[in-house]
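Spelled out from the first residue to the last, the chains are:
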Amino acid sequence: MLRIFHKDETNTNKKILNSMYALRARVFGERLKWQVEITDGYEKDYFDEIDPLYVVYLDANENVIATFRLLPTTGPTMLRDIFSRCLPSGMDIKSPLIWESTRFAVDSEFVKNYGDNGLSRITGEMLSALIQIGVSAGLTHIVTVIDVRMEKILLRAGCPVDRLADPVDYGGTKTLAILMECTEEWVSLIQQKNKIGISCVNEQYKTLIAA
Amino acid sequence: MLHSDLFSELAGNNEGYFIDNPNDDLSVLKALKDKFSLNHIAYLGINLPIKSDSSTYIMTTYSSEWVERYVTQNYVKIDPVINYGFQGIMPIDWKSLPKNSKKVVQLFAEAKEHGLGNQGLSIPIRGVHGETAMFSVNVDMSDKDWLHFRKQIIRELQIHAYNFHTKILENNGVQNFKKISLSDREKECLLWASKGKTAWEIASILGIKTTTVNFFLEHSRSKLDVLNTTQAVAKAIRYALI
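Top to bottom, those sequences are chains A and B. At the far end of the first sequence sits residue 236, using the numbering used here, and the numbering has no gaps. At the far end of the second sequence sits residue 243, using the numbering used here, and the numbering has no gaps.
Keep in mind that the hints were calculated from the coordinates and are not lab data. Note that the structure is a prediction, hence the values are computed from the model and not measured. Here a beta-carbon is modelled for each residue, glycine too, at the ideal position from N, C-alpha and C. Do not take every clue at face value.
[Said to hold, decoys possible] One side of the interface only, derived from the structure: several residues of chain B facing chain A at Cβ under 7 angstroms:
1. Gln88
2. Gly89
3. Ile90
4. Arg127
5. Ile155
6. Arg156
7. Gln159
8. Ile160
9. Tyr163
10. Asp226
11. Leu228
12. Thr231
13. Ala235
14. Ile238
15. Arg239
Build the full structure now, drawing on both the sequences and the hints.
Listed below in structure tokens is the structure:
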């Protein structure tokens with residue numbers, strides 16, 4: 026089940042947040058060997074402190090098996106503050122109509138069923154949700170910094186991928202910034218290509234905006 | 002910012018509200034109100050990087066009676082828009098807010114009496130200085146019409162909300178970015194390019210030569226100081242030029 030939330034004072038989502046930090050530590054630290062900071066099995070960074078919007082996929086026991094987070098590019102972004110070499114020099118992405126998606130992770134251990142395109146249904150649902158959130162918020166694009174491995178996944182999933190520049194090296198990883206256009210057409214295309222229903226996503230938006 | 006900080010900031014500081022009404026900024030809100038045929042618009046900024054007596058900055062088309070009522074009744078403490086908006090980034094439809102307490106129901110009833118619409122949308126804003134703000138609009142409309150209207154205006158509102166925020170900062174001496182202007186033809190070409198059209202296709206659509214389209218695209222690329230059209234589109238969107 027998909028869940029969209031942001032941190033709140035009452036800590037209602039604490040268990041889910043911790044499960045998400047743990048998943049990120051396994052995927053980015055152990056599996057992909059990215060240079061991320063891991064404390065007590067949790068991967069957290071500055072951008073978790075500035076109230077991003079989280080999207081997670083939960084299993085029946087409310088363990089997080091897939092995740093990403095979103096922040097408006099009008100505020101601090103990873104692209105500007107960490108991965109600025111991914112942009113042509115002098116360029117900055119800062120628009121009320123572009124949000125940045127970061128820390129996209131899917132737990133390969135839990136995902137056993139793969140579709141025709143070699144991707145899991147959960148990956149498809151997460152990507153469809155990503156673009157759909159953009160449409161709901163009136164955005165034109167999602168910007169995201171990814172590695173070439175992820176770019177292939179996005180293309181296979183039928184996502185709109187528009188390179189801002191050629192990949193550059195960050196700690197041995199070929200890294201690039203891309204724009205993803207947010208339209209209803211792209212949402213249905215991703216849903217068709219990954220054979221996912223529309224209903225599973227829509228329900229979640231009611232808590233944020235009755236989309 | 003945590004809710005409790007915000008609440009103490011707003012609630013504990015009734016005297017210290019910084020309600021700024023220089024005609025210039027207010028006329029922008031009034032013009033937007035008329036443009037979209039809205040009942041009212043309200044802007045609320047928190048921790049703006051400007052010199053003021055309070056970290057709360059309010060600018061609104063609401064009647065002064067309603068603003069005073071809201072402040073003296075400490076409605077900021079129970080207002081679900083404040084409650085949900087300042088930590089989130091998704092626009093909030095007032096319809097989707099929980100109105101489960103008597104006080105909240107009363108707040109919305111009183112707001113209506115003071116001329117606010119039955120439908121509302123609040124757009125959270127985040128700035129590079131770590132500041133947050135909220136741009137809210139409201140209008141009288143049936144649920145059915147509202148759904149359509151909201152979908153129609155949300156993108157434009159996102160731009161207006163952010164531009165208004167930027168303007169407040171600029172008027173208070175905070176530099177944001179330099180002005181770039183594009184010609185109408187350059188804008189048209191970039192707009193079609195942003196929809197994935199090739200120069201040849203754009204030429205057919207606009208009824209001009211492909212070489213002319215390429216010229217306009219090249220020209221806008223140089224104005225925007227970028228290397229390719231994708232970057233030009235991204236930058237033009239970022240500066241809300243198209």
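Structure-based check of all given hints:
no., hint, in the structure
1, Gln88, "holds, 5 angstroms"
2, Gly89, "holds, 5 angstroms"
3, Ile90, "holds, 5 angstroms"
4, Arg127, "holds, 3 angstroms"
5, Ile155, "holds, 3 angstroms"
6, Arg156, "holds, 4 angstroms"
7, Gln159, "holds, 5 angstroms"
8, Ile160, "holds, 6 angstroms"
9, Tyr163, "holds, 4 angstroms"
10, Asp226, "holds, 6 angstroms"
11, Leu228, "holds, 5 angstroms"
12, Thr231, "holds, 5 angstroms"
13, Ala235, "holds, 6 angstroms"
14, Ile238, "holds, 5 angstroms"
15, Arg239, "holds, 4 angstroms"
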